[in-house]
Every structure is written in structure tokens, then in C-alpha cells.
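Enquirer: The primary structure of each chain is shown beneath.
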Amino acid sequence: MMIEGPALKVEGANIDTDVLYPGSFLNIDDPAHMKPHLFEGLDPGLRDGLKPGTILVVGANFGCGSSREHVPLAMKAWGIGAVLGQSFARIFYRNCINLALPIVVCPDGAKAAHSGSLVTIDTDGAVTVDNGAYQVPPTPDFMQEMISSGGLIPWARRRLAAAEA
Amino acid sequence: MGYTLTEKIMLEHSDEDHVAPGDVILVRCDVVMANDVSGPVAFRAMEQMGATKVFDPSKVVMVSDHFMPAKDARSAELQKRLKEWSDDQGVTYYGQGRGGIEHTLLAQEGWVTPGMVLAGGDSHTCTYGALGAFGTGLGSTDIAASLVFGEFWQTVPGTIQIEYVGTKPRFVTGKDLILAVIGRIGVAGGTNQVLEFAGPSLSDISIDERLAVSNMAVEAGSESGLFPADEVTAAYLEGRSDKQWTHEQSDADAQVVDRLRVDIGALPPLVAQPHSPGNVASISDTAGTKIDQVYIGNCANGTMTDLRQTAEMLRGNKVHKDTRAIIVPATQTIYRQAMEEGLLDLFVAAGAIVSTPTCGACFGGHNGVMGRGENAVTTTNRNFKGRMGSGEAGVYLANAFVAAAAAVAGELIDPADMHAGAKI
Ligand code: SF4
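Going down the list, the sequences are from chains C and G.
Letter by letter, the first sequence follows residues 9 to 173 in the numbering used here.
Letter by letter, the second sequence follows residues 2 to 425 in the numbering used here.
Simulated from the structure, these hints should not be mistaken for laboratory data.
Take these hints with a grain of salt, some might be off.
To be verified - According to the in silico footprint, chain G covers these stretches of chain C (three or more CB under 8 Å from chain G):
1. 51-64
2. 119-129
Said to hold, decoys possible - Residues of chain G placed beyond 10 Å of chain C at every Cβ, according to the derived structure:
3. 22
4. 42
5. 123
6. 151
7. 169
8. 171
9. 224
10. 233
11. 242
12. 318
13. 354
Ideal placement from N, C-alpha and C gives every residue a C-beta, glycine not left out.
For reference, chain G alone in the conformation it holds in the complex (with noise of 0.2 Å):
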């Protein structure tokens, strides 16, 4: 019996002879990486390990982004810990100015090839599976023994195939393709489980979308979320990593828990209503909702492709004077990007603000936290209850046009009627 792609991993990255759902293994990564909230925790626990180096200076990268630039004096000394420690075990740092949001910045920089394994301080290191990579997210006390001995241990996943067919709608975005499936098996439906990607649809999915794809597979419970590398993934690689990598595949005899095929053309644009990533409906079933802020970033929804597509709702429109906009490019280089390109420019005479890179109020750290019995519409991947801010806000998670079309119109509506000026 054949290996599915995940399997093959575990076996390359162990010393194990054979693989099968349910073993526990030492794997060995190629990555750790941390943050400025994850860091710092692991910090303390490798030196209650007693151990004073990292396992290879060349395979940790360390990035300033939760709490950056530092909301308060707390987060400041985070801040300066993680650079200090970094500069100090000589690996990469990313601060201020220099890098962004840890996913899209470790993607964009050609930290990621396929069959790699990544070890992450955060639970969206799943990201990491639009390159075809086994990235996952782990604890801080994992983060040290990672940092220690380039291991962790790990239960080996079984994996749930997801066929992708058919042509993408012109709204739907790569966003609309994982809340279908996170709709359609809950968000526990993928605990100790891997998604897999297939079908045909795939050659059409940018990195971008898959980005975004990859990015929510820990909202379905899963361990990762792996797009098996293709063209599209070499293209995207090019110039960005000289390693070597191999377009590796689950065999056709692998043997998986569960398929499930999803019908993208048949799919409208989604939104996961509060308080729940599950909690799934269409566009036109939640329409006329009143929206007080839009927030359009964060590591699944901040690329050039999320601007844009928010750049095509906002040209020769205005924010509805009732609604705040907060528009997060994800990375600094993203950042240039898109000034060059005008948009920012564009976003800001629209009314809306633009911010340097930075989780900020994804997570509800700072930097547009919502308020008591407020709705804000974001490209970010969880709306739990208080989230952004207060318990008491409501958050709809939709893609990069729903959320800039509700910008203009100050309620959810399908971007399809915007752009046939019904409301505007």
C-alpha cells in the first residue's frame, strides 16, 4: 500500500522505516520559527532545558509582528528580547520595518519549499501547505525542544482529500474554497487529520489563494492543509529558493480517511458569521448587515491579490460614512507594492487607513480593536467571541471583495449587486 503525501514526509524527516496514522515519531524540521508572543514563552523554557544554543542558526528565523510596533511598554520589551536572543543564537530576525506578518513574509522569502517540514510558534504555521510543505503549529515549550534538538514529536496524521472542480465564480476567492470545506466538516472535522488538495481546479489557484486555502485548515482542527507542488508552485518559487525539492505526491493507493469534492463553481461568496470560522453561509443569506469597521489583512488575506481585489470595489468609490476601513498589507514588500501600483493612494482617498504590516486586531491586540455591539467584516481567518476586542463585537469573516464592497455600502452585500451599482 502506497504513502499519501504527509506520510512521505514523516518518513523522510525520521528515522522511522514505515509510517501509519496514529504512531507517535521524533520529526525533524527545517524550519522553527517564533514570534514575539511565542518566542519569548519558549525562550524561558529552553533555558530551564539548560540548554544555551539553537540547533542550527541557519534553520530559526524569529519574527516581531503580534504586538509590532509595540503597543506598549510589555510589548516593547517582547520586542526587544526577540531581537536581542536572535542577535545573540545569530539567526534571522525579522523587526520593524524589515519583514511583516510571519506567514506571507516565511512564504514570500523562500523559507518554504515543498516537503519541508515546518515548525511554527503559531497555530497558522499550516500556512505553509500551499507550498506543499508539512508546516504546523506548536506550543512554546515545543518551540524550545524544536530550537534545541531540530525535533518534535508528532502524532502521524491521516489525511482528508479535497477535490476541488470546476471554474472559480468572479467573486469567489481562494477564501470561498476553504470555508465551504470548514462549513461542510466543522471545525473539529479535521482534528489529527491533514487536508489535501486536489482536482482539477488546482492549476487555477494561485499562491495567493492557496495561502489563504492552506492558512484556515487549523480552523477545520487540521494539523496542515498540503497543496501537492505543481507548476504553479515552481513558478511561484523561482527566484525566491535555490533549494532543491521534488514535486512529490500521495501515491494512487495511499490510503485516506475520508474524500470530499467541492463544486467551486457552484459556490457564491461565503462569510462565517459570528462567533464561529464554522459557522458558514452565503453572501445574500447575511446581505443588509450593518457594518461598523472592515478590516481587510492578516496572514491569510493580506497579498497583493487581497488589495487588489479591494482596490476594484474602492476605485471611484467612498467608505459609507458610517464605517471605519483598515486596509493591513501583510508584508513591507507588499507594502511597496502596492504604493507603487497607487493603491494605497487609492485606499486613502477612499477614506479608509492604511496600515504597516502587523497582526494587530486579528488577534485583538491593537491597532482597530472593535467595540461593544459592533460588526466588523474581516479577511481574517477567526471570529470567536471577542476576538477583535469586546465580547459583546460581532465579526463576519469573508474574502478581500465582500469585505470592501461592505466598506462602500457600510452593510454585507454580494459584491456582484455593488458592481451593478444597485447600492451605490
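Isolated chain C (complex conformation) (with noise of 0.2 Å):
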């Protein structure tokens, strides 16, 4: 699968769900409201940067902390393309691939993107940004199947076909 869109860049390691998505906030069960709480704790001035296709680039072991799908799910609701990342926490990693948001861990690319950077992404494993290519582990066919194929509610639905069948 292959995905393009510009960067942007959210700087600092083992940023975790909380500054990502506050506590308070998640008295919110629809992902619809929960869109304008995003990356309240970290800086809110980074939401101005998003529209429809941007690339989040982040840091190392993104993500730490709370299971609060609530930070993929605002993700989601302002179309965010894609996250790259130097590494994930677990949890928001298998998070990203339930909801078909694409996730890849490439270390250099990750650290030389800017905002604005133009990234590409195969999820076989090339990424580029800007003129730089860069070479990592091809995502799991697994993961990779979850995510081409709509993500895990789409998954269960065909489970839930197959088996009435």
C-alpha cells in the first residue's frame, strides 16, 4: 500500500496519550468531538497544521501510556494520512492499524523529516522524504491486510459473514 502527503512534524520522545489527549476530556464517546481535543496537552497551535492527507512524523516510542483509542480516533477524524515514526509504544501502534491508520517505524526518515517535507510510504517497506529513500522492515502481512482492508471492524464483519454462512 502506498501513501503520500506532506509532513507534519511533532518533535520529542515518548510523547504519550495523555499530553496527546488530555484526561479530562475523555468523558467523550464520539470520535466526532473528540477531534478538537487533539494534542491539547502537547500544543494545541499543532492542529492548525493538519488537513485532509498529512503525514504525522513523530519521534521515538510515540504514543506511551494510555490505551485511549481516543488519539487515533481524533487522528482519524481530521483525515491524517498516515503516522511515521523513530518507534511506537504498543498499544498505539495495534491502535493504528484496528482503525486502518497506516504506521511505520523508519528511524532516519522519521529524523529527517520537516514540516512540509513531502513523505512517501510503501507500507512494503520503502519510504522516502524529500530526495532521501530510505529502506525498512516491510509491515507484517497481517497488519498489512487489516489495514488495506479497512481495519478491524471490517475484519469482524467478514468473520461475523463467514461463520453465518
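Using the hints, put the two standalone chains together into the complex.
Expert: This is how it looks when you write it as C-alpha cells:
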């Protein structure tokens, strides 16, 4: 799967889901209403740089801490096209896969990118940032399929349908 | 080559004949849990999946704890939804006045036995490793699929073995055992791994303390943190659960990713300074820091053990005039036990407030959030910027002795110094 878009860089390592979406907004269960609170505890100004198709470029251990799916749900609500990072915390990573938000580890590419860079991601393991090309391990098959088929909800629908047939 | 304890649990809960770290497999769960924050988001996803029924109502449990008692109308709606959904599905629901904080509660109520797999809509589901179970935190869509199929996809983790040696000094507790590990491997040091605890010291570590240790495995990025079941586990489960379980362990020739040895005897009480659980220092290095609020509670350290340690420091003392103290027993059962032992009266007489069991200010929800420029010392598990309210507040994570001593002194102080009467 190929994704292309302009980068929005989120600086820093160990950015946790509390700053990405503070606890005081967790009494919201509708993704449309989660949208305005993304980045609230980190830098609300980052929202100004978002447009549909933006590729979020992040540092090491991004998304650590709480399992709150409010973070990738709000990212989807903004139309973020993919997340490229130096490394990710596990629950955030799998939440993105489940929501069919492409998420790729590419330490050198993530370091090289700055806001406005043109980024292309091939989930088979090739990343470009402006004129630089980077090779990374491909996303495992199970996860690639999950992303390209729309995430865990369609996966579950297919499984339920197969069980009924 | 043998298997680790976690690999054995994965084999037991999947259709695989062989597993190795990195394999993506489907894992069956024995319990699926969610709360008033993750539950309603999962129910939406479950509806979008087109599913109407959970896979097995006897294996599903819902807990209102985060915004309980409801802090506003929106929170009340979430709890109403959780209860109505639970009643409709015929699953166990712990609501206001009936339960407490999910992880302490599920362990206490016998939901967890060794060798189980528990999927929880909360990152601290790793707490169940205290009882030799693979408990792991998942997001709401994962929980929705687990509710429907009784399975979730999982990348088989590697294992980092932590060997505890030596005897705990007087004011060192479970909290310090895990802070010592996070301080050494860092907040991402356990990513894609589980921690497995071992060593001669384990027989001296109670289940309350194991809960505190396993709880913070996720603070090192780990998927879970397991204590292989032993006599301590067996004694705790006596009368709580009649489920069959075995004393499963990692094979001697199992391959682990790393081994770490921690000499408990050499540890001082530790403190994680703002704004990271990995920013660990000894109490003496942080002594003198002024403290505005003390918060003793949460799924890691709101147990009877913590409340008794708190009482040791507060007995005959008063909370400092410039400091607020909030004490939150983790469950209704603990609350009543503390009442029977006279601890609640002792706390209130000292000038602390005692709250109903709730997640409360631990995640900045309600019930004692921090203002700008203030410092708190808490027995909770996260001190991220803004976690407990203002982004300009500083949160220090520590054990209950340290937190209670700070309540009296109005500043961080080595409990040993306070005991000796140096400050009061
Ligand atoms: S007490 Fe805190 S860490 Fe534990 S489940 Fe509640 S919010 Fe999470």
C-alpha cells in the first residue's frame, strides 16, 4: 500500500497519549467530538498544521501510556493519512492498525523529515522523505491486510458473515 | 529449546503448534474487561461490526471507576450506558458502591488465576501478571472484537527476566522494586517484551506488592509483567477462586531477550520525578521538595498494605498546614477493612480526606486535580505532563511511606528520617 502526503512534525521522544488527548476529555465517546481535543496537552497549535492527508512524523516511543483509542480516533477524524515514527508504543501502534491508519517505523526518515516535507510510504518497506530514500522492514502481512481492508471493524464483519454462511 | 511462561500461555490459548517472538497469532481470552471510558467506545465499534451479543457473558466484566461517582452529566451518561449494556448482555457490572478500581477489584474478586489471558480496555491490565496471568491493555476496537469473538490478535512478545535478590530494607516496597527497573531500562526498554520476575526474593513479596510491580510494567513499555505462580499466589487465591490452575514456569532452557538483576537490599525508597516514570532518583536526592498535595490511591497502590503503611506514618501526626492529603482505598472491600482497623478515622483525624474508591485524580479526571505550579507526591503510576491536571504541575511518584511522610513534613523526606523524629 502506498501513501503520500505533506509531513507535520511532532518533536520529542516519549510523547504520551495523555498529552495527545488529556484525561479530562475522556468522558467523550463520539469520535467527531474527540477531534477538537487532539494535541491539547502538547501543543494545540499543531492542529493548525493539519489537513486531510497529512502524514504525522513523530519521534521515539510515540503514543506511550494510556490505551485510550481517542488519540487515533481523533487523528482519523482530522483526516491524517499515516503516521511515520522513529518507534512506537505497542498499544498505540495496534490501535492505528485496527483503525486502518497506516503506521510505519522508519527512524532515519522520521529524523530527516520536517514539517512540509513530502513523504511517501510503501508499507512493503520503502519510505521517501523529500529526496531521501529509506529502506525499512515491511509491515507484517497480517497488519498490512488489516490496514488495506479497512481495519478491525470490516475484518470482524467479514468473520461474522463467514460464520453465518 | 523450551518456552517462556508467556509463550506457554500463548500456546495454550491459540491454535498454534509452535510460537516464537514476533509471530502474529490469534489469542483466546478468559476474561474481557472494560470501564466507563473504554467500554462505551468499544460498544460503538461492536455495533459497527454488526454484532449484537458477546461471545460468553460469564467471561465479560465491566467496571465504572474512571469518572465514578459521575463528575458531570456526560460522565453520568457513560456509566448509565455501561450498566444498561451490561444488564442487556447479562455480564457482570461493578457500579457505584459495589466495586472499586478495576485492576485491584478483579484480582480481589477472583477473576484472575495463573495462566489466564485477560484482555482489558485499559493499559494497566498488565497488573494481572501479579497472579501469573497474561493481562494486557488493548484499545476499544480491540476490546470490541474480543467481546464478539473472545479473541484478539497479538504479536508474541519476547521476555526480559528480572531477578530480584536480597531482602527489602525497612521503607522499601513493591513500588521501589519496579521503579528500580524502569529507571534502568527506561520507559521504552520493554517494548514488544514482557517482564518476568524471578529470584530468591519473590517469596517475600506479597500479592499487594506484586500488584504494584506488575502494574507499572507498561511504564517500561512492556505488554505485561508476570510473577510465575508460587505458594504466595496459592495462599492469596484460597477462597477467592475455585478455578483449576497449575504452577507453570518458564523452562530452564527458554530463550530470554535480556536478564537484569536487582539487589533489593541495596535500594533506597525511590521517587520518579516530573514528568516521566523513568526519571527515577533516590528519596535523598529529592528531599526538601515542597509538596502541595499527597495522593495515596490508584490501581497500583491503594491496597491494605499501602493504607497500613500510610497509617504508620500518620499515626500521632498531623498533615502539614500547607499540604492537602487525599487517601483513596482502591475497592469497597479495602475501604471497609480500613474502617474496621480504625485507619479511616486515623487519616481523617490527621487532617487527610478519605475518598470513595475511584480513579479520580490519578488520570486528571476529578477528585483532586492539580493547579499550576503545584507539586504532588502520589502512589499512582504516571506523572506525564498534565496527567493530574495542570501541565504546569509536578508529580512525583513514590511508595506510600514516602507519600505519607511528605504529607506530614510538607516536603519530600526520607521516611527513615521522619521516623527518627528529625523533622517533626
Ligand atoms: S487508577 Fe489510574 S492508572 Fe489505575 S485504572 Fe484508574 S486511571 Fe488508570
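Enquirer: Work down the list of hints and note, for each, if the structure agrees.
Expert: Against the structure, the hints:
no.	hint	in the structure
1	51-64	violated (count 0)
2	119-129	violated (count 0)
3	22	13 Å, holds
4	42	5 Å, violated
5	123	6 Å, violated
6	151	12 Å, holds
7	169	28 Å, holds
8	171	32 Å, holds
9	224	6 Å, violated
10	233	29 Å, holds
11	242	26 Å, holds
12	318	32 Å, holds
13	354	21 Å, holds
Taken one by one, the earlier hints fail for this structure at numbers 1, 2, 4, 5 and 9, listed in ascending order.
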